[in-house]
Structure formats: C-alpha cells, structure tokens
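Asker: Sequence:
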Amino acid sequence: MTKPEQTSQSQQLKAGTQLTLMLKLGVFGLLFVLACLQHFALTLPQAEDRLPDKTDGLVVPTGGQARIQEGLRLLHNGTAHRMLITGVGQDVSKQVLATELKLSPDHLQTFSCCVDIDKAALDTKGNAEAALIWAKTRQFTTLRLVTANYHLPRAHLEFSRLLPDHTVTGWPVTPPDLQARDWYWHWPTVRLLTREYAKYLFALIPL
23 MTKPEQTSQS QQLKAGTQLT LMLKLGVFGL LFVLACLQHF ALTLPQAEDR
73 LPDKTDGLVV PTGGQARIQE GLRLLHNGTA HRMLITGVGQ DVSKQVLATE
123 LKLSPDHLQT FSCCVDIDKA ALDTKGNAEA ALIWAKTRQF TTLRLVTANY
173 HLPRAHLEFS RLLPDHTVTG WPVTPPDLQA RDWYWHWPTV RLLTREYAKY
223 LFALIPL
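Heads up, this note's numbering is the position in the sequence shown plus 22, with the first residue counted as 1.
Among the hints, a few may not be true.
Said to hold, decoys possible - Quick list of in silico lysine-lysine cross-link-like pairs, PhoX-like style, CA-CA up to 20 Å:
{"id": "1", "residue 1": "K221", "residue 2": "K147"}
{"id": "2", "residue 1": "K141", "residue 2": "K116"}
{"id": "3", "residue 1": "K158", "residue 2": "K76"}
{"id": "4", "residue 1": "K158", "residue 2": "K147"}
{"id": "5", "residue 1": "K158", "residue 2": "K141"}
Unchecked claim - Simulated restraints, written as ranges between beta carbons of each label pair:
{"id": "6", "residue 1": "C58", "residue 2": "P198", "range": "24 to 32 Å"}
{"id": "7", "residue 1": "A142", "residue 2": "T164", "range": "17 to 25 Å"}
{"id": "8", "residue 1": "L45", "residue 2": "T121", "range": "50 to 58 Å"}
{"id": "9", "residue 1": "R203", "residue 2": "T39", "range": "13 to 21 Å"}
{"id": "10", "residue 1": "W207", "residue 2": "A69", "range": "39 to 47 Å"}
{"id": "11", "residue 1": "E70", "residue 2": "M44", "range": "41 to 49 Å"}
{"id": "12", "residue 1": "L41", "residue 2": "K158", "range": "54 to 62 Å"}
{"id": "13", "residue 1": "L56", "residue 2": "H98", "range": "39 to 47 Å"}
{"id": "14", "residue 1": "Q68", "residue 2": "T39", "range": "42 to 50 Å"}
{"id": "15", "residue 1": "D204", "residue 2": "T163", "range": "34 to 42 Å"}
{"id": "16", "residue 1": "V118", "residue 2": "M44", "range": "53 to 61 Å"}
{"id": "17", "residue 1": "R104", "residue 2": "A220", "range": "27 to 35 Å"}
Since the hints were derived computationally from the structure, they do not count as laboratory data. Small disclaimer: the values here were computed from a predicted structure and weren't measured. Where is the CB? At the ideal position from N, CA and C, for every residue including glycine.
The task is simple: from the sequences and hints, build the whole structure.
Answerer: In structure tokens:
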C-alpha cells in the first residue's frame, strides 16, 4: 500500500470514528433530555381532595383549563379573603369574564364581591409583578398560587423570587386533557411539557 493510500485510509478511519462519536453523543443527549422530561412529568404536583389551610389571598394566572373555577371553589369555601385573576387582557371586564365563565349563582356572588382582576400581565413574571402590587395594596402576607400543575414549578419560582417577603404556597390544578403519565404517546402533551420544561430551565437562571 502506497503512502497516499495509507493517508487516505487513515483519514477515512478518523472521519468514521468522529461520526460514530457524534452519533453516540447525539443519542446520549436525546436519552438524557427524554429522561429529564420523564422526571418532570412524573414529579408534577398533584391536585388534592382536601381544602388547603387559609391564606390571605389567592392568585390565579389566566390560561389553561379550570384554574379560575378552582380558585373560585377555594375562595367560596373560605380558604382566602380575596382572589386576584392576573392577565385577563385590556378589553376584559369582570362582567365579561363572569359571562364567559358561566358561573353558578353561588360562585357568581363570590366572584362579584371578592375577586379582583389584573389586565396588564402578559407572562408569568408579569403575573408575579401584579400579585406583588395587589398583595401590598391589600396588605396581604400569605398567598396561594392556583395554576396548572405543569405551570406551577416555574410560576412558584417566579413568584417566590419577586415576593421574597411573602409566603407563597402552590395549589396545582390538573388539566383534564393532560396525559402526564403516558405523555410520550400524546403529541399535544409532548409539546406542552417540552415547552414548559424549557421555560422552567430558563427561569432557573437569575437575570
């Protein structure tokens, strides 16, 4: 074998080794991401049957299924003095929101007397900022954050960071169509959990 042929063969072997290494690293990276997603999905906080201890206020970020209804249930059962719904949008009034929610008479009465709304919040950090202003205005020191279970880890992180002088407790709401246990078989759940997990990891970085 001539020297040029040996050099060519050596280069091919080196390229093949590098390609194999890249493939192995890619597979390992994919498995690692899937394992992290699996852990995230299986450790999501679960809804409880009992009523929680009383706090000064409830905070419910808009978005997701059944959050506001669950917050109203807790409020109606005396677990807080008032409730704040954040990020309803600039054009949404309490009357419009009540109509959209199709509340029962009991919940409508609770909604009318004891619910405040925030129109400005656009994201989770904005929800926390609105909650801080509301809590200071109402002189509340203990808050319960009512949101979807997949959203709660990130939301609780943001709220705790912006409200260090307040006690913030989470209350998870499980969306009826969230397939957390077998998430990998349900594409909408895969997309939802992947997006939320990425946001959670990003939120861990203090900016």
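Asker: Hint by hint, say whether it matches the structure.
Answerer: Cross-check of the supplied hints:
1. K221 with K147: holds, 12 Å
2. K141 with K116: holds, 10 Å
3. K158 with K76: Holds: K158 and K76 sit about 18 Å apart, inside 20 Å.
4. K158 with K147: The hint holds at about 17 Å.
5. K158 with K141: Within the cut-off at roughly 17 Å; holds.
6. C58 with P198: 24 to 32 Å: holds, 25 Å
7. A142 with T164: 17 to 25 Å: holds, 23 Å
8. L45 with T121: 50 to 58 Å: holds, 57 Å
9. R203 with T39: 13 to 21 Å: This hint is violated: roughly 41 Å between Cβ atoms.
10. W207 with A69: 39 to 47 Å: violated, 22 Å
11. E70 with M44: 41 to 49 Å: holds, 47 Å
12. L41 with K158: 54 to 62 Å: holds, 59 Å
13. L56 with H98: 39 to 47 Å: holds, 41 Å
14. Q68 with T39: 42 to 50 Å: Holds: the Cβ-Cβ distance is about 47 Å, inside 42 to 50 Å.
15. D204 with T163: 34 to 42 Å: holds, 41 Å
16. V118 with M44: 53 to 61 Å: holds, 55 Å
17. R104 with A220: 27 to 35 Å: Once the Cβ atoms are compared, 34 Å apart, the range 27 to 35 Å for A220 and R104 holds.
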